[in-house]
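S.K.: Sequence:
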Amino acid sequence: MTNNDESKARTVGIALLSGLLSSLLNAFLLMVLLGALHSHITAVPALGFTVTWLALLAAKLVLK
1 MTNNDESKAR TVGIALLSGL LSSLLNAFLL MVLLGALHSH ITAVPALGFT
51 VTWLALLAAK LVLK
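Residues 1 to 64 in the UniProt record's numbering are what the sequence shown lists, from first letter to last.
It is worth saying that the hints were derived from the structure and are not from the lab.
C-beta atoms are modelled at their ideal positions from N, C-alpha and C, and glycine is treated no differently.
Be careful, since some hints might not be right.
[To be verified] Pair ranges (Cβ atoms, derived):
(1) N3 x L29: 33 to 41 angstroms
(2) L61 x G35: 29 to 37 angstroms
(3) N4 x V32: 37 to 45 angstroms
(4) S7 x T50: 39 to 47 angstroms
(5) T50 x S22: 20 to 28 angstroms
Use the sequences and the hints to build the structure in full.
M.R.: In structure tokens:
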């Protein structure tokens, strides 16, 4: 393999790993969201929504 081929392979590998991590994080955030909807924090629905929204926003900022 040439350096160009190795570079392309590395780029594809990083892209696949990034996509996998993003999918896992989204699945985790969905579980957190569903858990928050059924937990005691939703006794005040606006508070539960706000906390969940802030958690999702923070996760998206970390990914970028």
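S.K.: Next step is simple, just say for each hint if it's right about the structure.
M.R.: Right, here's what the structure says about each hint:
{"no.": "1", "hint": "N3 x L29: 33 to 41 angstroms", "result": "holds (38 angstroms)"}
{"no.": "2", "hint": "L61 x G35: 29 to 37 angstroms", "result": "violated (21 angstroms)"}
{"no.": "3", "hint": "N4 x V32: 37 to 45 angstroms", "result": "holds (42 angstroms)"}
{"no.": "4", "hint": "S7 x T50: 39 to 47 angstroms", "result": "holds (44 angstroms)"}
{"no.": "5", "hint": "T50 x S22: 20 to 28 angstroms", "result": "holds (24 angstroms)"}
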